[in-house]
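Q: Letter by letter, the chains look like this.
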Amino acid sequence: MIGQLGVGIGWRPEISGFVKELPGLRFTEVVAESVHEGHPPADLLALRDRGVRIVPHGVKLSLGGAEPVAPERVEHLARCAELLDAPLVSEHVAFVRAGGVEAGHLLPVPRTRAALDVLTANIRATQAGLPVPLAVEPIAALFDWPDAEYEEGDFLTELVERTGAFLLLDIANVYANARNRGEDPAALLDRLPLERVAYCHIAGGDEQGGRYHDTHTAPVPPEVLALAKELCARRRPPGLLLERDGRYPPAAELRAELDAIAVAAGLEPVT
Amino acid sequence: MSLDPALAAAQEALVRAMTAGGEVPPGFDGDAVRAAARGILRKRAGEVARAWPMLAASYGPAWADTFAGWAAERPTNGSMRDAWDFARAHRESLPRAALIELALTEARHAYDGESAPRPRRAAVRRVPGGVAVQLRGRTRVMARRS
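In order, the protein sequences belong to chains A and B. At position 182 of the first sequence the residue is numbered 182 (the numbering used here), and the sequence of numbers has no breaks. Numbers given in the numbering used here equal positions in the second sequence, counted from 1, plus 1000.
Note that these hints are calculated values from the structure, not bench results. Hints may contain errors.
A partial selection of chain B residues facing chain A, derived with a Cβ cut-off under 10 Å [claimed, not checked]: (1) LEU1007; (2) ALA1010; (3) LEU1041; (4) ARG1050; (5) PRO1075; (6) ASN1077; (7) ALA1089; (8) GLU1092; (9) ALA1097.
Anything over 12 Å on all C-beta distances counts as not near chain B; from chain A, calculated [as the list claims (entries may be wrong)]: (10) ARG12; (11) GLU75; (12) HIS76; (13) ALA78; (14) VAL101; (15) HIS105; (16) GLU183; (17) GLY246; (18) ARG247; (19) ALA262.
Footprint (simulated), chain B over chain A, 3 or more residues, beta carbon under 8 Å [unchecked claim]: (20) 53-67; (21) 85-99; (22) 204-216.
Glycine residues also receive a C-beta, built at the ideal position from the N, C-alpha and C atoms.
Chain B on its own, in the form it takes in the complex (with noise of 0.2 Å):
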């Protein structure tokens, strides 16, 4: 349902336009477009930051950038899957507290990648040299004994 059919695709085009690649619509300064579209990347990033500090640690003061680059054609659902595809496009190059972070999100909730995650009641995740486990909403890593 629209208020307004013209208006809405209007509307849609330049969110694409800022958010998934698309073409800035006609008349619009371009330049100006686009330095609010990186504002908005900028943004994403720092909420990913704050909401998965671990993950942003990672990669230091590269961290916006990097962020933006993955982001840039992805529009966002929010911070906490911002944070969570990125981390999960990323899992093979994590240092060891950004894989925590994310075994203990894993621990908490399930996330297919397509739609809101939803909570766990219990879990146990891999970390490395351990798991972390999550009962009614408590989450701790244990080592493993070697």
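Chain A extracted, bound-state conformation (with noise of 0.2 Å):
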């Protein structure tokens, strides 16, 4: 339903450029809380018009908090989504304020059935007022909460179930979380409903006082491509997406960077 999209390259003001020119680009995604309705970036619409799939995707609607999502964030999701033609919008599986403070990201939600009804309520309210699919992204986490009734992969797996969202996995996020908890990544890829995802995330970050942090600033680790290409041999997901957020490099590395992705892959390349 969803479609092929191969590898993508996630559309951010500062890469547009480059991001234009890759001939075989067929899938690009942007920041939803960044597109002002009234003026999204001629770029992107330019992309639109030549058939380049975009997914807005948004930051800031705390799926996990323990309020209900605000309609308006809703809408602005699915005005995105009817202006850019998108097949479908992503979120992620965390909060990102709690009693009218924001934490400036995103932020795990503890794995327990209390915050499985949160988000169950939120999703399918996301769901209502949307035109098109929605697909949740699991998040990196430094630490996770204290008493958890889960396993990371039968939690995701009931929130799927329950709510019929796709799952946006971050092979990144993968890698970091068990790398800082010292397990094996793959293992999760085992627990997860691989026919679920609707696409990937990839990205590098860096390490910081013995922790990996995902911050989408730096190369894509071997050790990530390693896993992209583990999941896809279990499962080859619709499309495999770069993210980079910052010190962007000279085209060509990022050009090596989505050639890299695509043999992972076993996709075309889109350089």
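Combine the two chains into a complex, taking the hints into account.
A: Below, the structure written as structure tokens:
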């Protein structure tokens, strides 16, 4: 239903020219909160008109927050989807604010029945307001809540079963969490409903103070590419999208990264 | 309105610990939570640097640490207000390029420090050696004749 997306890269204003020039690109993503409904970026509309599939990616909906999702945020996602002719919309299995205080980033939810109930209610409310399917992305987290009632794979599987949402699986997050917990990243792949994966994220990070941070400001490490290859050997997702959010390298390096992702996934190069 | 008051309270305690100097709630790995909070501060510093490049450049390689020290117990209201609040708090020590960046922003938007900035139709702001002028969205810096 979502169709084949291939290798993509997240659209950002700083690399707009680079993304526009990729001859084989069929798929990109834009941070939904950065899109002004009255003045969407012209380069993005040009990609849309060229037939490139654009996924609005929300970062501030707070699906895992104990407060109901804000209707105006859902409406903005819906309008982005219509404006960009999007095949789907994505958000996170996370919360970003509580008690009126903004965290400034995606924070993990406890792996409990109570958190599942809240996520389910918020995802259903979001789905009801969207003209296209929703995919939800498990995040990278440096810490876990105490008193978990589920393993991560079981938690996500139940969430997907309850809501009918697709998964946006971030391979770099799987790697980061496993590395920081001292676990095997491939073990999580075995416990996830891979047939529900709409597309994957892939990115680089760096180590600070003995912990791997998924910063999107560094090249994709070989271990993450190897995990992408392992995932694709189990079941290749419809698309893999490179996220880069700063310290942008020269175009040749970004092209080489996209080519390496294509090789690891067994997909056509887009460069 | 809350879907789950107990979860809401637990989430608020965690967010306050990470952004507003609150204590890390019991049961969490405090070192890991603080490492995550530092990561968020670095990310906020990077976002401010992209939005206000002259402000960040004023501090050279010390930018991320300087911003993180100031922001550690100030929860974000978005990168624009992070930048604006920081610039106003450090106005006395900013070099000319950063002061012009601040003046141009203040000419474009009105900001009371409490609520979201609002666009201005027109404004004039002093900058070192001249004035920043904004009329219907167009801004320019004019040097003072001497």
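Q: Against each hint, give a clear statement of whether it holds in the structure.
A: Cross-check of the supplied hints:
1. LEU1007: holds, 4 Å
2. ALA1010: Holds, because the Cβ-Cβ distance from ALA1010/B to chain A comes to roughly 8 Å (cut-off 10 Å).
3. LEU1041: Holds, because the Cβ-Cβ distance from LEU1041/B to chain A comes to roughly 8 Å (cut-off 10 Å).
4. ARG1050: holds, 7 Å
5. PRO1075: holds, 5 Å
6. ASN1077: holds, 7 Å
7. ALA1089: Violated. Min distance 18 Å.
8. GLU1092: violated, 27 Å
9. ALA1097: violated, 20 Å
10. ARG12: violated, 10 Å
11. GLU75: holds, 18 Å
12. HIS76: holds, 15 Å
13. ALA78: Holds: least Cβ distance 21 Å, greater than 12 Å.
14. VAL101: violated, 5 Å
15. HIS105: Contrary to the label, HIS105/A does not stay out of reach of chain B, its closest Cβ about 4 Å off (not over 12 Å).
16. GLU183: holds, 15 Å
17. GLY246: violated, 5 Å
18. ARG247: Non-interface label on ARG247/A violated, nearest chain B Cβ at 9 Å vs cutoff 12 Å.
19. ALA262: The claim stands: ALA262/A keeps its Cβ more than 12 Å from every Cβ of chain B (closest is about 28 Å).
20. 53-67: holds (count 3)
21. 85-99: holds (count 4)
22. 204-216: holds (count 5)
When the structure is compared with the earlier hints, violations turn up for hints 7, 8, 9, 10, 14, 15, 17 and 18 and for no others.
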